[in-house]
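All chains, full assembly: derive it from the sequences and hints.
Protein sequences, first through last, are from chains A and B. Under numbering that gives the first Met the number 0, the first residue of the first sequence is numbered 0, with each subsequent residue one higher. Under numbering that gives the first Met the number 0, the first residue of the second sequence is numbered 0, with each subsequent residue one higher.
Just so you know, the hints here were simulated from the structure itself, not pulled from any lab data. Because the structure is a prediction, the values reported are computed rather than measured.
Dumping the calculated EDC-like pairs for lysine to aspartate or glutamate here, alpha-carbon to alpha-carbon at most 20 Å:
1) B:K132 with A:E59
2) B:K30 with A:E68
3) B:K244 with B:E231
4) B:K209 with A:E95
5) B:K44 with B:E141
6) B:K64 with B:D4
7) B:K179 with A:D43
8) B:K209 with B:D148
9) B:K132 with A:D43
10) B:K199 with A:E82
11) B:K132 with A:D61
12) B:K199 with B:D34
13) B:K21 with A:E59
14) A:K52 with A:D16
15) B:K242 with B:D220
16) A:K52 with B:D34
17) B:K13 with B:E60
18) B:K179 with A:E82
19) B:K30 with A:E65
20) B:K13 with B:D66
21) B:K207 with A:E95
22) B:K254 with B:D222
23) B:K7 with B:D66
24) B:K26 with A:E59
25) B:K26 with A:E65
26) B:K132 with A:D16
27) B:K26 with A:D61
28) A:K52 with B:D39
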Amino acid sequence: MKKKNFISINEFSQKHDIEVSFISSLQQTGLIEITMIEEKAFIDVNQLPHLEKITRLYFELDINLEGIESIIHLLLRINSLQEEVTILQNRLRIYETNE
Amino acid sequence: MNFVDYYKILGVDKSATSQDIKKAYRKLARKYHPDLNPNDKDAKKNFQQINEANEVLSDPEKRKKFDQYGKDWQHAEEFEKAKQYQNQSSNSRGARYSEKPMDEDSSDSSDFSDFFESMFGSSSREGRSRQVKFRGEDYNAELHLNLEDAYKTHKQTLTINGKNIRITIPAGIENGQSIKIAGHGGQGINSGPNGDLYIKFSIANHPKFKRLGNDLNTTVDLDLYTAVLGGEIFLETLNGKVKLKVNPETQNGAKIKLKGKGFPVYKTEDQFGDMVVTYIIKIPTNLTAKQKDLFTELSKL
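Below is the structure:
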């Protein structure tokens, strides 16, 4: 199965009805990575959920880029803490009875 | 079906202006937005509620209807009946996942309350997928396995949104672990890619074996004589029986480790954890007179 691995920034901006400059500012802050192919800007399809999340935070919740940076950092921390909790919970299961 | 007080949900007064409503909604959305509350079902539910409240109160027509309805709540039943009749033909509410062991847990703001639907009809649900503009939404599902299932790499067919997909579940998957099935989420819009399907595994405790990472822990009852004199026993593993040599003078609670008889290591071929066996020595009961005499004799030696 052939997959489309890159999404054009122009296409993304158009479909989301946002300015291309918004995506550029995300790249400048290091929030997303842009890949240049034949002088055109693309984003890896795997980064799309991340980019869409940032777009929602910015446009739906009125959070500025500085706020989004902090949120992304905290979300990563939540994620690793949740993973740790799962590991610890699995360890605790050894003491559970099987009723 | 219960009356839903949209004003209460947004924490605003009935006289609130559209500006007040917008402000209240934004404030609550920042608190409960699914992007800010990963894997939090309560937050998701709250977010759905405030979305629904916002959809009604920010639309002058809907708000008017709601105000009217709220006033006539005593006639609600008649209203509902009439609405139900009206909606019968267009009732297309279906579970996202039809596979039994999977719990529905789709993302975002898809489900509005029955109250909303009876009042504004299911057709008002159109356009609610406002979050999908390009890439399809991600689906989340939970799959229940028992320990034996997780012990071997196996395939399972799941029905997601009416479509069958066959997935391979690698041996050694952990309880609480998620796997991503790319492209099997909601359909993309405007030629956007499909969302992904995330399957979280819930592995039930096993009556005999407790899993700790890749190791399995189990207990074995040992009769007093074998413990004292040594011998051989058979031990059940997830991979058949193994013969075990018991050393003489084995103590109660003694542990032995059987290398490579534990759980398969996730995505690592031919690697297994260990099996840790704890001996529980059973003291004989209902002793005969002769046995008692012999034990007495032993104790005096």
